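Work out the full structure: start from the sequences and follow the hints.
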Amino acid sequence: MNEQTNTVNNGVNVEALLDAREALTAAPEAAKFKWRATCTWLNGTHVSSSVEQFYGLGEEQSHRKEFTFDSDHPEIFASEDNGATPIEFVLVGLAGCLTAGIASVAQNRAIQLKSVKATLEAGMDIAGILGIDSDVRNGFDGVKVHFDIDADASSEDIEALVAQSQKRSAVYDIITNPTNCVVTVN
Amino acid sequence: MTKQQFTDTIVIGAGHAGLAVSYCLTERSIDHLVIERGEVANSWRKERWDSLTLLTPNWQSRLPGFAYSGDDPDGYMSMREVIEFIDDYARFSKAPVRTGTTVTSLKPDSNGYHIKTDRGEWHCRSVVIASGACNLPAIPKVAEAIPANIQQVTSWQYRNPDQLQEGGVIVVGASATGLQLAEEIHRSGRPVTIAAGEHVRLPRIYRGKDIQWWMDAAGVLDEGLDEIDDINRARHLPSPQLVGSRQHPILDLNVMSGLGIKLVGRLMGVQNGVVQFSGSLRNICALADLKMNRLLKTIDEWIEQNPDVSQFDSLERFDRTVVDEDPCLGLDLDDSGIRTIVWATGYRPDYSWLDVPVLDRKGMIKHDGGITDSPGMYLVGMPFLRRRKSSFIHGAEDDARYITQHLAKYLEQTTV
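Heads up: the protein sequence lines correspond to chains A and B, in order.
Per the working numbering, the first sequence starts with residue 35, numbered consecutively.
Per the working numbering, the second sequence starts with residue 119, numbered consecutively.
Please note: incorrect hints may appear among the correct ones.
Taking beta-carbon pairs under 10 Å as the criterion, some of the chain A residues facing chain B (in silico) [unchecked claim]: (1) 62; (2) 186; (3) 190; (4) 194; (5) 197; (6) 198; (7) 204; (8) 210; (9) 211; (10) 218; (11) 220.
In silico lysine-lysine, BS3-like type, Cα no more than 25 Å apart, as pairs [what the hints assert, rightly or not]: (12) B:212 <-> A:201; (13) A:178 <-> B:380; (14) B:234 <-> B:164; (15) A:201 <-> B:234; (16) A:201 <-> B:409; (17) B:480 <-> B:212; (18) B:327 <-> B:415; (19) A:66 <-> A:201; (20) A:66 <-> B:480; (21) B:259 <-> A:68; (22) A:66 <-> B:484; (23) A:151 <-> A:201; (24) B:212 <-> B:234; (25) B:409 <-> B:259; (26) A:201 <-> B:380; (27) A:201 <-> B:415; (28) B:225 <-> B:409.
Worth flagging that the hints you see were computed from the coordinates, not collected in a lab.
Since we're looking at a predicted model, the values are computed, not measured.
Think of the CB as a built atom: it goes at the ideal place given N, C-alpha and C, for glycine as much as any other residue.
Here it is as structure tokens:
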């Protein structure tokens with residue numbers, strides 16, 4: 035239905051993705067990935083996290099280089115504000131995942147993107163984390179994502195892009211559905 | 119000592135698909151037998167709920183050499199009528215059916231296949247599996263974590279609301295089954311919550327005609343394997359939100375909400391007696407709305423190219439699915455008075471008797487339009503076997519003709 039044309043270029047190698055999909059359908063074990071991060075406490079609420087190694091396609095893999103991220107809390111929390119709060123990293127993850135998904139789906143549907151801008155906001159009652167009210171959950175009470183998209187497509191096609199991106203997004207799934215989380219200590 | 123018998127072809131299952139194959143085999147004078155664990159149309163007799171009516175209109179009920187001949191072509195058959203229809207077909211086609219005969223194993227042997235049943239053994243050169251797609255309920259793993267005081271009923275076991283405890287009910291699944299059961303249980307006076315994952319929204323009537331009429335006319339039902347991007351997806355779509363009745367022009371989640379049924383996301387987990395629902399409900403509904411509108415647009419475009427536009431009602435669009443600003447993400451089963459969970463989460467075939475290496479890692483038979491990798495073994499009566507209409511009774515004819523043609527050639531080539 036959606037003929038691929040040479041003129042559409044969102045910088046996504048859809049051919050490679052579709053080839054990978056076919057290859058991994060035949061070899062399901064290779065599709066099993068493990069994502070990793072390490073984190074070191076610096077001082078106060080300031081910590082430094084890094085990612086480099088991960089596992090996939092049946093073997094150890096590595097990013098082009100190590101990426102590090104400082105997280106902290108703002109000064110109104112009596113912290114030094116050396117970086118984004120961990121909870122903002124969750125929004126960054128969601129925005130990055132959905133937007134990358136939009137680019138990929140658009141490429142696959144031969145829709146040329148001109149600009150994509152996401153604005154995210156998540157509500158949170160800190161009475162939860164401060165232990166003031168046990169009826170209030172620690173996490174977000176909801177997340178709002180708004181996209182401004184300029185593309186060569188009807189508004190219905192753009193809406194479908196955004197919907198499909200959510201359907202295929204890992205971080206969207208992690209946020210909307212429960213995940214088993216095991217924490218151990220030596 | 120068990121008697122061993124020989125025939126060219128054995129068809130497993132005397133439902134509409136197996137009988138359609140039998141008719142085509144008889145046309146070609148191929149010696150065969152149809153083995154049926156129960157009676158003709160057994161699943162329709164024993165494994166469906168009382169109020170179920172066929173999702174396709176009567177005029178569409180046709181099988182090779184046979185068609186609905188009643189006086190209500192636009193109506194929908196009740197289960198009793200479906201059973202009668204298939205029974206009539208078995209009589210009309212003089213199908214060689216062995217009822218009350220359960221296959222216990224099917225293995226390859228030197229000349230084809232060896233079939234053991236609880237009533238004798240057969241050797242045959244080719245075999246057609248027509249045992250159906252809906253032998254067992256498919257229940258998500260999370261069911262194991264539901265507290266023991268909650269009654270769990272699958273759509274496979276469900277007959278009517280009297281089976282359920284008094285009190286609140288969660289119906290899990292928003293296919294045709296989920297919505298029909300939710301409505302019926304709601305009408306029995308039990309408060310109902312419906313947990314909706316991915317679903318297919320479709321109106322019963324569009325621009326004055328049955329949706330099946332449109333899909334037939336616009337060629338959607340005839341779409342074949344090579345016209346579909348993702349056949350695996352097409353084969354596993356939940357059944358569209360339809361009911362065999364003209365009571366609602368559309369039976370959808372908005373109708374459910376209108377009745378007072380509570381709409382929540384896909385049931386994802388249970389923790390400390392609280393069932394958790396996905397926060398993706400809004401997007402799941404948006405996807406279903408978009409997909410429905412795409413189909414309606416296909417129909418509109420078909421109408422535009424039709425010389426006689428005046429015979430159709432004017433263009434219409436249905437309201438978007440209304441989802442709460444803040445949909446419920448968790449329900450404490452005890453606090454909210456839930457007594458029963460009804461799993462309307464689909465079915466799967468039972469191949470426990472099949473001892474031929476043709477299954478994929480999900481336990482489904484690998485096949486190319488009904489032809490398996492095991493020479494002389496065929497599959498019919500599965501969703502989108504060869505065409506979109508394969509899922510329906512009237513879709514069996516094209517599939518049966520194709521399969522029997524291939525099978526006949528196979529028998530010819532392997533004749534010694």
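We went through each hint and held it up to the structure:
For residue 62 (chain A), the shortest C-beta to C-beta distance to chain B is roughly 7 Å, which falls under 10 Å, so the interface hint holds. A distance limit of 10 Å between C-beta atoms decides the matter here; for residue 186 (chain A) the minimum to chain B is near 19 Å, and the interface restraint is violated. A least Cβ separation of about 7 Å between residue 190 (chain A) and chain B falls short of the 10 Å threshold, and the interface hint therefore holds. The beta carbon of residue 194 (chain A) is positioned within 10 Å of a beta carbon in chain B (closest approach about 5 Å), and the interface hint is therefore held.
The criterion of a C-beta within 10 Å of any C-beta in chain B is met by residue 197 (chain A), whose closest approach is roughly 5 Å, and the hint holds. Interface hint at residue 198 (chain A): satisfied, since its Cβ lies 7 Å from the closest Cβ of chain B, which is below the 10 Å cut-off. A hinted interface residue such as residue 204 (chain A) counts as satisfied when its beta carbon comes closer than 10 Å to some beta carbon of chain B; here the least separation is about 13 Å, so the hint is violated. With 10 Å as the threshold, the beta carbon of residue 210 (chain A) comes within range of chain B, its nearest partner Cβ sitting at about 4 Å, so the hint holds.
About 5 Å separates the beta-carbon of residue 211 (chain A) from the nearest beta-carbon of chain B, less than 10 Å, and the hint is met. Annotation: interface hint on residue 218 (chain A) violated; nearest CB of chain B at approximately 20 Å, more than 10 Å. Given hint, residue 220 (chain A) at the interface with chain B, is violated; its Cβ is 27 Å from that chain's nearest Cβ, farther than 10 Å. For the hint linking residue 212 (chain B) to residue 201 (chain A), the alpha-carbon distance of about 50 Å lies beyond 25 Å, and the restraint is violated.
Distance restraint check for residue 178 (chain A) and residue 380 (chain B): the Cα-Cα separation of roughly 23 Å lies within the 25 Å cut-off, and the hinted pair is therefore satisfied. Using a Cα cut-off of 25 Å, the hinted pair residue 234 (chain B) and residue 164 (chain B) holds, with the two alpha carbons roughly 24 Å apart. For the hint pairing residue 201 (chain A) with residue 234 (chain B), the CA-to-CA distance comes to about 45 Å; that exceeds 25 Å, so the pair is violated. Taking the CA atoms of residue 201 (chain A) and residue 409 (chain B), the gap is near 13 Å; set against the 25 Å cutoff, the hint holds.
A C-alpha spacing of about 36 Å is found between residue 480 (chain B) and residue 212 (chain B), which places the hinted pair above 25 Å, so the restraint is violated. For a cut-off of 25 Å, the pair hint linking residue 327 (chain B) to residue 415 (chain B) stands: about 15 Å separates their Cα positions. A hinted pair counts as satisfied when its Cα atoms are at most 25 Å apart, and residue 66 (chain A) with residue 201 (chain A) qualifies at roughly 19 Å. Straight-line distance between C-alpha atoms of residue 66 (chain A) and residue 480 (chain B) comes to about 16 Å, which keeps the hinted pair within the 25 Å bound.
For the hint linking residue 259 (chain B) to residue 68 (chain A), the alpha-carbon distance of about 23 Å falls within 25 Å, and the restraint holds. Simply put, residue 66 (chain A) and residue 484 (chain B) have alpha-carbon atoms about 23 Å apart, close enough for the 25 Å limit, and the pair holds. Annotation: proposed proximity of residue 151 (chain A) to residue 201 (chain A) holds, straight-line Cα distance about 19 Å (limit 25 Å). For the hint pairing residue 212 (chain B) with residue 234 (chain B), the CA-to-CA distance comes to about 24 Å; that is within 25 Å, so the pair holds.
Between residue 409 (chain B) and residue 259 (chain B) the CA atoms are separated by roughly 29 Å; this puts the pair beyond 25 Å, and the hint is violated. Distance hint between residue 201 (chain A) and residue 380 (chain B) is fulfilled; the C-alpha atoms sit about 23 Å from each other, no more than 25 Å. Under the criterion of a C-alpha separation no larger than 25 Å, the hint pairing residue 201 (chain A) with residue 415 (chain B) is consistent with the structure, at around 23 Å. Distance check on the hinted pair: residue 225 (chain B) and residue 409 (chain B) sit about 43 Å apart at the alpha-carbon level, beyond 25 Å; violated.
This entry does not satisfy hints 2, 7, 10, 11, 12, 15, 17, 25, 28, going by the numbered hints stated previously.
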